[in-house]
Every structure is written in C-alpha cells, then in structure tokens.
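A.B. asks: Given next are the chains, with one letter for each unit.
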Amino acid sequence: MSDSILKLEDVSYRYPDGTRALDSCSLTINRGTRTAVLGANGAGKTTMFLHLNGILRPSSGRVCWEETALDYSRGGMRKLRSRVGLMFQNPDNQLFSASVREDVSFGPMNLGLEEAIVRKQVEEALLAVGMTDSADRPVHNLSYGQKKRVCIAGVLAMRPEVLVLDEPMAGLDAAMQEELTVILERLHTSGMTIVIATHDLDYAYGWADEVIVLQSGRLLANGVPAEILLQEEVQNKLGAIPLVAEISRSLSLIGIDLRDKEYLPRSKSDLLKAIAAYTRLEATP
Amino acid sequence: MLTEQSAYTTRWRSVSPVAKGFFSLCGMVAAFAAGSPRTALLIALILSAATIFGAGIPAVRYLRVAAPPLLFLAASGLSLLVSLDFGSPTSAASLHLAESEFPRIAQVCSRSLACLTALLFLALTTPLSDIISLLRRCRLPDTLLDLMTLCYRTLFVLSEVVHETITAQSARLGYSTFTISLRSLGGLVTNLIVQVWQRSLTLHLAAQARNNDGALRFLENSFADSPRNISIAATAGGLTVLLAVMLP
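From first to last, the protein sequence lines stand for chains A and B.
First residue of the first sequence? That's 3 in the numbering used here, and the numbers climb one at a time after it.
First residue of the second sequence? That's 2 in the numbering used here, and the numbers climb one at a time after it.
It is worth saying that the hints were derived from the structure and are not from the lab.
Do not take every clue at face value.
Said to hold, decoys possible - The calculated label-pair distances, taken between Cβ atoms and stated as ranges, are:
| # | chain 1 | residue 1 | chain 2 | residue 2 | range |
| --- | --- | --- | --- | --- | --- |
| 1 | B | L141 | A | S6 | 33 to 39 Å |
| 2 | A | E248 | B | S15 | 20 to 26 Å |
| 3 | B | G187 | A | N238 | 44 to 50 Å |
| 4 | A | S61 | B | E165 | 35 to 41 Å |
As the list claims (entries may be wrong) - Stretch by stretch, here's where chain A covers chain B in the computed footprint (C-beta under 8 Å, at least three residues):
| # | stretch |
| --- | --- |
| 5 | 64-72 |
| 6 | 150-158 |
As the list claims (entries may be wrong) - The list that follows gives simulated cross-link-like pairs (lysine to aspartate or glutamate, EDC-like), each with its CA atoms no further than 20 Å apart:
| # | chain 1 | residue 1 | chain 2 | residue 2 |
| --- | --- | --- | --- | --- |
| 7 | A | K81 | B | E221 |
| 8 | A | K122 | A | E69 |
| 9 | A | K9 | A | D73 |
| 10 | A | K239 | A | D202 |
| 11 | A | K122 | A | D73 |
| 12 | A | K122 | B | D143 |
Where a beta carbon is used, it is the ideal one built from N, C-alpha and C, also for glycine.
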C-alpha cells in the first residue's frame with residue numbers, strides 16, 4: 003500500500019530573475035521508501051528539494067505533507083523542518099561551527115529542546131554516521147567525506163522522518179561512497195524515508211525503490227527504476243542506461259536470460275550472482 | 002594555524018575553559034599589579050612556564066607564535082626610547098635617546114610582555130569555540146559572538162579558497178611577472194568577494210533548513226571535573242597576583 007508522506011501537486015516555481023526552475027511538477031514520495039531524483043544539471047532537483055523543506059514556496063500549485071497542504075507560518079515551518087531534514091551538496095556551505103559536536107547540536111538547539119535531550123540526540127546522530135570519535139575535532143581538519151557525514155548527523159540530530167540529500171555521493175571516493183551507502187541503508191531499515199539527488203544512474207538503479215526523472219523543471223518520469231530507467235525516452239534524455247541493465251540486455255540478446263522470476267539484476271553483485279547461477283545451471287545436465 | 006593546532010592538542014584540552022580563562026585573567030591582573038619591571042618579567046616567566054611545561058606546548062612552537070607580537074613590542078619599545086628632534090639649531094633633525102624615560106619604558110614593555118604571555122596561555126590551550134562559549138557565559142552580546150563563530154569557521158573555508166585559486170592561477174602562469182601578478186591578485190580578490198556573497202546566501206539557506214530564526218545556538222561542551230580545575234586555577238592565579246603585589 004502506498005502511503006504518501008510528501009507530495010507536489012502541479013508545482014511551478016520561477017526564480018526572481020524569471021528562470022522557470024519547476025514547471026507543473028506533480029509527484030508523490032511514499033513513506034519508508036528510497037527515492038532517487040535524476041536529471042541533468044539545472045533540471046530542477048535542488049529547487050524541488052528546497053520546496054520539500056519549505057525554504058521555497060511554489061509560485062503556483064501546492065506541496066503537501068501527508069495529504070495536507072503545507073502551512074508556511076513560522077510554527078508550520080518549524081514543524082515541517084523538524085520532519086524533513088535537508089542536506090546540501092557542499093558541506094562547507096552548511097557547517098556553521100568549527101566544532102563537530104557544536105555544529106551537530108545546531109538543529110536540535112533551534113528546536114528549543116532541553117539540553118539533556120539535545121545532548122542525547124547529538125550523540126545518537128554522531129553514532130549513526132560513525133563520527134563519535136571525531137566529535138571533538140575541529141571541522142576544518144576533517145576530510146570531505148567526514149564533513150559530509152557531519153552534515154548528515156546535523157540533520158539526523160533533529161530526528162526527521164524524511165531525509166533529503168542533495169548529491170550525497172558527489173566528490174566521495176569509492177570507499178567513502180560505500181560507507182555512506184551502509185549508513186543510508188541502516189537509516190532506511192530503521193524506517194526513515196530517504197530522497198537523494200544523484201547523477202549516478204547505476205547507483206539509482208540498484209538502490210532506489212522509486213526514481214523521479216526531471217528534465218528542464220518538468221517531471222519526465224516517476225516510478226520503479228526497473229521500468230523507468232529502461233524506457234527509451236528516459237534513456238535518451240539522461241544519455242545513458244544503467245550498466246547492469248545494459249549487460250543483462252546484451253546477454254539476453256545472445257540467449258542468456260538472467261531473469262529470476264521476471265526480475266532482472268539491479269546491482270553489480272546481483273548481476274554477478276545471476277551469471278554464476280546461470281553458469282551452474284548450464285553445467286548441470 | 003599554529004595556535005589552533007596547539008589549542009587542540011594541548012595536555013590541558015579537557016580542562017574547563019573557565020579555569021584557563023580565570024588563570025589567564027589573573028595573569029593580566031598580576032601584570033598590572035607588578036610594581037617593578039623585574040616583577041613583571043617574573044610574572045611573564047611564570048605564565049610562559051605554565052604554558053610550556055604545564056600545558057605541554059613545545060618551546061619552539063611557543064616562540065614561533067610569540068615572535069610576531071614580540072616584534073611589535075620591540076618596535077614600540079624602540080620608538081619610545083628614541084625621539085626625533087627637529088628643533089636643533091646645529092642640524093635639521095637629530096636623534097635623541099630618551100634616557101630619563103628609561104624606567105617608564107621598561108615598566109610598560111615588561112608589563113606588556115606579561116600581558117602577552119597571559120593571553121598566549123589562553124590562546125594556546127583553549128580552542129576558539131571554547132573561548133566563545135566562555136564569553137557567552139560572561140554575557141557578551143549574542144550578535145558579537147555569532148559574528149565570531151561565523152568568522153572563525155569562514156576563515157578556514159576562505160583560506161582554502163584562496164589557496165586553491167592561487168594554485169589555479171599559478172598553473173596558468175598567473176604570477177609569472179609583476180604586472181601579471183597584480184592582475185591575478187585583483188582577480189583573486191574579486192573572485193573572493195563574489196564567493197563570500199554566494200556563500201553567505203547558501204549558509205543562510207542551510208540555517209533556515211535547520212530551523213534557525215536568528216541567533217546561532219549550540220550545545221556547550223561539558224568539562225568533566227571543572228570544580229576541581231577551577232579551584233586549582235583560582236589558587237594558582239591568586240598566588241601569581243599575590244606574588245606580583247608582594248614583590249617590590
């Protein structure tokens with residue numbers, strides 16, 4: 003059963019300089035899902051994210067939280083921003099304090115929570131991203147990946163229901179990407195709804211339950227990655243197809259069908275497993 | 002950066018900033034209470050010994066941090082000592098050694114030196130974020146402290162930008178001749194101004210996203226056995242002041 007947590011209804015947004023960043027976008031993000039937002043640079047991903055957190059207000063249309071239109075009053079925003087945590091792409095643009103622990107406490111302190119509760123939530127958030135040991139280090143001595151983790155902790159410390167991450171993998175090396183994937187997976191298992199913007203088609207294909215494809219501010223496609231990312235129009239616009247899907251398709255052309263109950267492998271490890279299983283099947287008479 | 006490194010790695014990192022701040026304050030009071038240059042120098046010696054041997058700051062690093070302010074002190078001392086005289090009938094201008102002023106200059110310089118060591122003690126043992134929270138407890142205006150917090154953080158972000166820009170400019174021969182260097186420097190400054198402006202906007206967005214509505218609020222670091230540290234610091238500080246008052 004789908005259970006809408008955030009919804010955009012016919013949302014359009016024009017920046018003050020006249021640029022149309024979103025154009026009649028309607029889409030739904032369901033509770034507990036992993037959603038990947040894809041699109042070229044300037045497609046409107048960041049603008050859409052700023053709407054989810056109530057920083058931007060649609061020029062027309064409306065944004066809903068659990069089917070109710072957002073309340074843009076001070077109190078309403080306070081509630082929304084404690085529920086929807088937003089992390090920006092560049093960590094240096096969002097870390098305020100030079101001390102890790104202080105920065106993570108910024109959000110919960112803004113919520114006006116009691117000090118003991120803030121302290122508890124900060125420690126839990128640091129633990130969730132594996133930064134407890136670095137809590138007393140100055141931010142400027144951390145690596146780029148560690149700074150990103152501090153940013154995530156800063157959002158987690160507010161105990162949001164939805165985590166919105168703008169290109170969390172950008173600029174990270176493979177090992178750090180893997181670490182971040184593990185963190186996101188843990189958060190998803192704990193019931194958090196996660197939305198990320200990414201340029202990495204392969205990642206979106208393997209990770210997401212749903213994908214949203216934006217093109218010049220318009221919604222191009224929205225749905226299950228295995229369907230959406232294999233559509234020809236989407237492939238043309240994104241200029242690529244997930245590598246795993248391409249390999250499976252090429253193999254099927256030469257008669258090797260890796261389908262397991264109508265389900266094609268979505269990640270590299272799935273693909274390798276499917277090939278190994280197929281080879282074993284071929285070997286047994 | 003050296004000060005910064007020391008503050009984070011000192012043996013006294015976990016000592017309550019209140020204790021360190023109080024001891025530093027006592028040092029400054031003692032510097033002013035000192036009746037003679039000799040006493041002021043003794044206070045300076047005690048404070049630097051506390052920093053080097055107590056907090057474990059390497060002596061070489063201590064001297065490197067102290068060198069620039071010491072140079073200023075030496076320059077001002079010299080300028081007080083020497084006076085330029087334009088009124089002499091024999092020559093257009095002449096230099097005079099103000100010998101009669103010597104005791105007063107010695108007093109001023111030794112006192113400044115003692116104050117400097119007191120400040121160095123605090124700066125080398127306490128990270129700025131702790132000093133800011135200490136000042137917050139002293140009820141300094143929030144606006145001032147928020148500015149300090151942002152400046153301190155932005156200092157590192159911007160120094161990285163400057164470093165990267167200079168590298169990128171040098172890679173394209175931006176500093177090969179004097180004229181080109183000047184032009185590159187102009188470009189660097191312009192770029193920096195635009196970046197500061199853009200970053201202030203994104204920082205504002207990030208603050209809003211985390212529910213901020215004005216003042217920057219953070220959790221203060223808690224320090225384990227601060228009552229004990231504070232009493233030790235108070236005793237040590239009190240003794241220093243007493244020493245300064247008692248000695249001639």
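A.B. asks: Hint by hint, note whether the structure agrees.
C.D. replies: We went through each hint and held it up to the structure:
1. L141/B <-> S6/A: 33 to 39 Å: violated, 48 Å
2. E248/A <-> S15/B: 20 to 26 Å: The hint (20 to 26 Å, Cβ to Cβ) is violated, given that E248/A and S15/B are roughly 56 Å apart.
3. G187/B <-> N238/A: 44 to 50 Å: Since the Cβ atoms of G187/B and N238/A sit about 45 Å apart, the hinted range of 44 to 50 Å holds.
4. S61/A <-> E165/B: 35 to 41 Å: holds, 37 Å
5. 64-72: violated (count 0)
6. 150-158: Per the Cβ count (6), the hint holds.
7. K81/A <-> E221/B: violated, 25 Å
8. K122/A <-> E69/A: With Cα atoms ~32 Å apart, K122/A and E69/A exceed 20 Å; violated.
9. K9/A <-> D73/A: Within the cut-off at roughly 14 Å; holds.
10. K239/A <-> D202/A: With a Cα-Cα distance of about 14 Å, the restraint between K239/A and D202/A holds, given a limit of 20 Å.
11. K122/A <-> D73/A: violated, 29 Å
12. K122/A <-> D143/B: violated, 25 Å
Consistency note: the structure conflicts with the earlier hints numbered 1, 2, 5, 7, 8, 11 and 12.
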